[in-house]
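Chemist: In case you want the letters, here they are:
Number of protein chains: 2
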Amino acid sequence: MGKLLIVGTLAFDAIESPFGKTDKILGGAATFIGLAASKFQVDSAIVSVVGDDFPQEYLDLLTNRNIDISGVEIVQGGKTFFWSGKYHNDMNTRDTLVTELNTLADFNPIVPEDYKNADIVMLGNLHPSIQMGVINQMSTRPKLIVLDTMNFWMDNALDELIEVIKHIDAITINDEEARQLTGEYSLVTAAEKISAMGPKYVVIKKGEHGALLFDEKNIFFAPALPLKEVFDPTGAGDTFAGGFSGYLASTENISFENMKNAIIHGSNLASFCVEKFGTERMQSLKKEEVEERLHQFKALTQFDIEIK
Amino acid sequence: MGKLLIVGTLAFDAIESPFGKTDKILGGAATFIGLAASKFQVDSAIVSVVGDDFPQEYLDLLTNRNIDISGVEIVQGGKTFFWSGKYHNDMNTRDTLVTELNTLADFNPIVPEDYKNADIVMLGNLHPSIQMGVINQMSTRPKLIVLDTMNFWMDNALDELIEVIKHIDAITINDEEARQLTGEYSLVTAAEKISAMGPKYVVIKKGEHGALLFDEKNIFFAPALPLKEVFDPTGAGDTFAGGFSGYLASTENISFENMKNAIIHGSNLASFCVEKFGTERMQSLKKEEVEERLHQFKALTQFDIEIK
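Quick mapping for you: the protein sequence lines, in order, are chains A and B.
Position 98 of the first sequence, counted from 1, bears residue number 98 in the working numbering, the numbering being contiguous throughout.
Position 86 of the second sequence, counted from 1, bears residue number 86 in the working numbering, the numbering being contiguous throughout.
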């Protein structure tokens with residue numbers, strides 16, 4: 001059982017989709033990553049920041065899943081990061097309605113002493129300088145540093161992003177962002193170019209079209225589970241990253257072969273995340289449901305052709 | 001070794017893509033289906049029509065691959081169907097520049113006596129009434145009738161399309177067309193609705209995002225092989241259909257398990273088709289190349305998770 005350090009937002013989200021509308025509910029990259037990783041046998045901790053408006057029950061929800069929150073700074077008199085978005089009818093595109101950084105604007109992450117030797121560091125989507133600040137605090141080089149990012153940082157902090165990418169082992173990025181970062185339409189070529197920037201492993205997330213894992217020599221693909229209804233895609237990418245990093249930490253094996261399994265576990269958990277608003281489905285998710293759906297992933301993808 | 005009857009166009013294509021431009025070259029659904037199916041041990045025949053401008057060398061190219069062309073009508077003084085299209089930079093969308101039906105306008109398909117008892121009938125994209133006319137000529141009910149179609153017929157001959165769909169066993173259709181035909185965004189729901197219209201098996205082609213196979217209870221997914229360059233997508237869908245139906249005919253096994261393999265073989269052959277203009281790559285394609293890439297498909301998709 002390895003140690004997993006998770007860095008990312010704890011947030012309030014307000015979501016509109018063709019299926020309805022929520023008030024301010026629990027959200028944030030670290031929340032989704034943590035909930036997903038907690039499905040595996042890992043010691044995990046979250047480094048994040050909230051205001052004193054962040055309900056104790058949300059913090060309890062994390063500690064109840066054995067997630068160490070000693071690295072979560074609670075700013076007295078501060079307000080928690082708030083994001084609001086509206087999904088279009090195709091559920092693949094969304095408009096951001098509100099982004100209030102609040103306490104996140106001055107976030108100075110402090111890695112707990114116990115986690116400065118974490119085996120795996122999962123850097124959720126944040127300003128690349130904050131992500132770099134976490135890497136710099138590690139007392140031993142983690143076995144694997146995984147970074148998630150988004151187009152916002154390519155537009156607004158590209159130099160800092162390129163710098164942090166030099167120091168990581170794996171990146172998770174969506175297809176359009178991979179194209180933006182490299183100027184290449186082919187995802188194969190884009191992955192090569194990103195790898196040349198630093199990370200040995202490149203994971204390209206294609207939403208409902210699945211995810212690709214690249215290293216120097218190999219490519220692996222995991223489809224998204226075909227679903228009748230996608231209720232709310234918020235957090236699916238973070239859940240994927242949490243399943244990926246959580247599984248790798250629990251198995252303490254970062255070979256390409258095991259990363260294949262990690263990608264499948266990530267896709268599997270993400271397929272639940274989208275079934276309800278926010279974290280609702282991840283909170284109610286049972287081990288048996290996870291296992292049953294892994295069988296569906298096998299049936300969906302495994303075949304038996306004899307090749308000479 | 002089963003008998004495969006192929007119905008579809010033999011055509012001239014002129015293609016523009018970001019990679020260049022062709023003169024009138026060999027094209028047509030039946031051409032691509034036939035070339036792909038000829039990679040397997042099958043007795044196959046094409047039913048089609050051309051003008052006397054269609055070069056003998058194109059016909060020889062088919063007969064050299066043991067494809068029976070006694071069902072190809074050559075209209076003296078007639079001109080062969082001509083299509084011209086231009087691909088956009090993303091290679092996923094195209095504009096049709098020219099469509100000259102020519103001899104296809106009055107095409108009255110005649111199934112050769114020897115193929116009226118074919119095991120599998122592959123109905124390439126054509127007017128649904130012509131597709132129906134072929135089904136009506138069969139002396140014994142084929143084990144499997146596969147139909148390919150496109151949005152053009154949904155816009156212009158919907159009633160005839162719905163009629164022929166009642167009489168088939170499997171349909172190949174792309175994602176946008178499946179959505180158009182059913183009014184459903186979810187491909188799972190769309191496949192259910194299409195199946196309720198007739199076919200037991202529904203194959204939804206998603207281009208670079210792979211293909212889904214549905215029956216009443218099962219779903220299988222084959223990715224497209226991630227490629228550095230897609231040179232010309234023309235004929236990829238037909239090549240897929242040819243690989244699918246050709247493999248099923250050669251193995252004489254239409255179980256869902258074997259259809260999984262057929263979908264992989266179809267995807268595998270389609271991955272070659274797009275590497276050069278028109279039929280060029282399919283003409284030069286060697287058995288060893290096909291087998292080598294099947295290994296790539298395995299590496300791309302197969303994993304080994306232990307599930308309780």
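Just so you know, the hints here were simulated from the structure itself, not pulled from any lab data.
Quick caveat: nothing in here was measured; it's all calculated off a predicted structure.
Worth double-checking, as some hints may not be accurate.
One copy or any two copies: either way a pair holds, since identical chains are not told apart in the list.
[Stated by the list, open to error] Here are the simulated SDA-like cross-link-like pairs (lysine to any residue), alpha carbons at most 20 Å apart as the crow flies: (1) K308 <-> E291; (2) K206 <-> D90; (3) K206 <-> S186; (4) K206 <-> N102; (5) K298 <-> H209; (6) K217 <-> H295; (7) K21 <-> Q137; (8) K228 <-> H209; (9) K206 <-> V188; (10) K276 <-> T140; (11) K206 <-> D175; (12) K143 <-> M1; (13) K24 <-> G51; (14) K116 <-> A105.
Chemist: Now, for every hint given, state plainly whether the structure supports it.
Modeler: We went through each hint and held it up to the structure:
1. K308 <-> E291: between (34 Å within a copy, 7 Å between copies)
2. K206 <-> D90: both (14 Å within a copy, 16 Å between copies)
3. K206 <-> S186: both (13 Å within a copy, 16 Å between copies)
4. K206 <-> N102: Classified as neither: same-chain Cα gap 31 Å, cross-chain 42 Å, threshold 20 Å.
5. K298 <-> H209: both (17 Å within a copy, 18 Å between copies)
6. K217 <-> H295: between (28 Å within a copy, 14 Å between copies)
7. K21 <-> Q137: Neither. Shortest intra-copy (40 Å) and inter-copy (56 Å) distances fail the 20 Å Cα cut-off.
8. K228 <-> H209: Both. Shortest intra-copy (14 Å) and inter-copy (18 Å) distances satisfy the 20 Å Cα cut-off.
9. K206 <-> V188: Intra 13 Å, inter 18 Å, cutoff 20 Å: intra and inter.
10. K276 <-> T140: Classified as neither: same-chain Cα gap 39 Å, cross-chain 50 Å, threshold 20 Å.
11. K206 <-> D175: Both. Shortest intra-copy (6 Å) and inter-copy (16 Å) distances satisfy the 20 Å Cα cut-off.
12. K143 <-> M1: This pair counts as within: shortest intra-copy Cα distance 13 Å, inter-copy 54 Å.
13. K24 <-> G51: Classified as within; 14 Å inside a copy, 68 Å across copies.
14. K116 <-> A105: neither (24 Å within a copy, 74 Å between copies)
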